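This is what each chain is made of:
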Amino acid sequence: MGIVSRALVGLGLALVPGSAHAELGLAFVHGTGRQTDAYHDYWTPAFVDPIASALPDPSLVAVVNCDFEQFMWHDDAAGCLAGQLLELIDGQGVDELVVITHSNGANVVRWILSNPTYDPRYPQIIAAIRWVDALAPSSLGTPLADAAVDGTSFERSVGWLFGYGNDAVTMQQTSSMALYNSQWLLGTAGRPELPVGFWSVVGTDVDSSPFDKDSQCGGYSRNVGLELTQNWLDDCSDGFLECASQAGAGDVWRYDHEFTMDGEALSHAQSRRACFGLESLLHADVEEAGS
Amino acid sequence: MKPAILVLTFAGACSANGDVRPLAAIAGDLAPSHLVAPHDAGPVPGMTASASHARAIDPDRELALRPASHPDRSRRWWTKIAGSELATGIALPTTAPGATVSLRPLDETRAAVGIDPNALVLVDPDGVAHEGDAAMEHVLGWDELRAGESPFAAGTSAFRIDAELGHGEWQLRVDAPLGESDVLVHVVEPASALVLVARTDAPAYLHGHTVVLDVDARVGDELIELAHATARARSPVGETHDIELAELSTGRLRGTLALAEVDVEPGAAWIIEVEAAVDHEGVLARRNARVAFAYGVPSAGLDGRVELVDTARGDPTLAFGLEIATAGRYAVGATVWGTDATGRARPIGAVEAASWLEPDADAIELPLASLLDTPGVAAPYELRDLRLVDQSRLAILHRQAIAVAFTPL
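Sequence order for the protein chains is A and B.
Going by our numbering, the first residue of the first sequence is number 1, and it counts up by one from there.
Going by our numbering, the first residue of the second sequence is number 1001, and it counts up by one from there.
Some hints could be false.
[Unchecked claim] If we take Cβ atoms under 8 Å as the criterion, some of the chain A residues that face chain B in the derived model are: (1) Trp73; (2) Gly91; (3) Asp95; (4) Tyr118; (5) Asp119; (6) Pro123; (7) Gly151; (8) Ser175; (9) Gly190; (10) Val224; (11) Asn231.
Source of the hints: derived by calculation from the structure; they are not laboratory data.
These numbers were taken from a predicted model, which means no experiment stands behind them.
Virtual Cβ for every residue (Gly too), placed ideally from N, Cα, C.
Model the full assembly from the supplied sequences, consistent with the hints where possible.
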C-alpha cells in the first residue's frame, strides 16, 4: 500500500466534527511491559521532547505508564490508559488529542476505540482523539509470540515459563489476535473501520552490522537480537512483527523507507526512538494537527 | 456447529412507530439454545453506569457477513526432552534448509543462565558432527535474546541451521551437564513445503455447542497421509480434554469436542493443540499446530421481541426482549444498513448500548441516534452483525449476521 492522504480519509464520517480552535494534547502509549517511567525508559526524552514541541502548548503531554503485561481489556491496561488520558482531557482541558502508540500499545488503544460502551469513560475519550499514530502496531499478532507460547499452553500456571508480558504475549499470538480482531476489535479487513483515523508506521527490516553506525540507534544489542528473530518471521519485518501485522488495522501512513534518512529501515527497537527522522515525521504530524 | 435458537416466536410487528421484522438466526450465526448461570470466580467487573454510542461508518467499506475461524498453517514443531537425552543426542528431522531452533530450559534454576550455545553440537544427515557454531547461522544465547526484548522465556537460546548444509535427519546434542530437568525444543521451518493445517468450524461457541476440528497435512495443494496425530484442548480455566481424531479421507482428520464448562475466565480463549507426524521424503517429519476459539456461558439471551420505541430524547430506538439468568453488564450492538437509490444495502453506522441488568430486566434498548437521517439511503433498514455481549464476563452470547429489517413511520 502506498502513501495515503490522511486529509481525505474519514471526511464526513464523524457525527461530531472536531473544533477549529481546540486545545490540542499529545499522548504516548507504550508497548508490552509494566512501565513506571516510560518517558525515560521506553521512549527517551530525545524522542518525546521534539515531538511535544510541535504542540501549541507543549505542556499538554501525557506519557502513559500502565501495565501492558495484562490482557488489553484488563483494568490495569485499558482501564489505566483511560484514566491517564482523562487526566489530560479533564484535568488539563485538552479537547483534541493525538495519540502515538508503539507495538502492543496500539491494541490497548484499539480496545477502547472498538468497545465504546465497555466503560462509560470511553465515549469521551473516543470523542477527544483526533487520530492515532500507531508505530509498528502488533495488530495481527506475531509468530514470535506463537513460538514463545508453543509447548507451554498446558502449563500456564508456571508463570516464569513465559517471557516478559505474560498475558500480553499470549494475547499477541497470531491465532489469538485473529480471534480478538474478529470478536472484539475493529479496523481489520472485513470489520467496520475504527471511529478515528488509525495510521500505522511500518518497519520493514533490521540492520545490526557492527560496522554500521545506524545499527547503534535504538541500541546495538537490541538490534542484534531482532536480527535473529527475523528468522521466525517473513521477509518483511522489523524483527518483532511482520509488515502484514503492522499494516493489519487502520491505514498505512508510511513504510519506513518512505520517510527515513537514506531510506533506512526501522527495527522494532528503533520505531520508538529518535532514529533516522522518525521524530521529525511525528513533529510535523502534531504540528499539522495543531494548525 | 448448528446451534439451536432460543428465540420462541418471530412475527412481523407493525407498531405505532413502524414496521419491525426480526429475522431468525441461521446456521453460522451464534445463538444459545438455553440459558446457564456461569460460575464466576468472584464478583464480576462491570460498571453500572449506562452508556451508548452511535457513529457513521464508511458506506463503501467491504464488511464480512460473519467472522470466520482462523486456521493455523504450521511449519513448526516442538517437543519436551529430558536434559539427559539432549546430552546423548536427539533426532532433529527437518524438511527444508534453514530451520530455526530454540532451546528453552523448563527448570527455573537452569533458565537463569540458559543453555550455552557453545556447547551445542549438530550432527548432519551424513553423520558429520559440527561443534559450536560450525553448522549454524545467527546463534544467540539468552543474554542476546534478552537484550532484543524478545518475548521468549528466560534461558532461551536459538540458532539457525546453515541453509547450505541442507535438510534431513539431523541430530542435536548438548555437550554440557543439563541434569534431568526438561528442555523445550522448538523448530520452525519457514522454507518447508510441508504444512499442518488445523481449524475449527467457527471462531466462537457457547455452552452446549460442539466444536468440529479439522486437521490435514499438505505439501503445496496435495493432501498427504498423516502417520500419527493427536489433539488436546484446554479451557480458559485450565481443564484439558483429549480430542479423538478420525480419518475422513486420506490426509484429512476430524474430531469433535462438546463444550459444557460453566466456569468463567473473562475474555480468555480455549485453545486446541495438534501434534502430528508425517512421512515426508524419507524423514518422519513433525508438526504441531494451535488454534483458539472464543467461548461463552449464555447468561442471557434475546427472546425474539424487537420494537421501535419512543424515548425521551426522540431518537429512533430499538428495544430487544431479553431473558437473563444472572446479573451483569450487558450490551447490544450492531451495524445499521440502509437502502441506496439502486436498491443496494449499504452500511451507514455502528451502534452499541450497555447497561447493568438484573435478572428481572426484560429488554435492552439500542438508540440509533441520527443515523437514519444519513443522506443517500432510506428504508428499509437492517441491523446486521447483531451482538448481545456479556461485558462482565467478556463473552459474546448472540451474534447474527442479518438480524432485523425495519421501516420507521
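Okay, the hints, checked on the actual structure:
no.: 1; hint: Trp73; verdict: holds (6 Å)
no.: 2; hint: Gly91; verdict: violated (20 Å)
no.: 3; hint: Asp95; verdict: violated (18 Å)
no.: 4; hint: Tyr118; verdict: holds (6 Å)
no.: 5; hint: Asp119; verdict: holds (6 Å)
no.: 6; hint: Pro123; verdict: holds (5 Å)
no.: 7; hint: Gly151; verdict: holds (4 Å)
no.: 8; hint: Ser175; verdict: holds (4 Å)
no.: 9; hint: Gly190; verdict: holds (3 Å)
no.: 10; hint: Val224; verdict: holds (6 Å)
no.: 11; hint: Asn231; verdict: holds (4 Å)
Going down the numbered hints, you'll see the structure goes against 2, 3, while the others check out.
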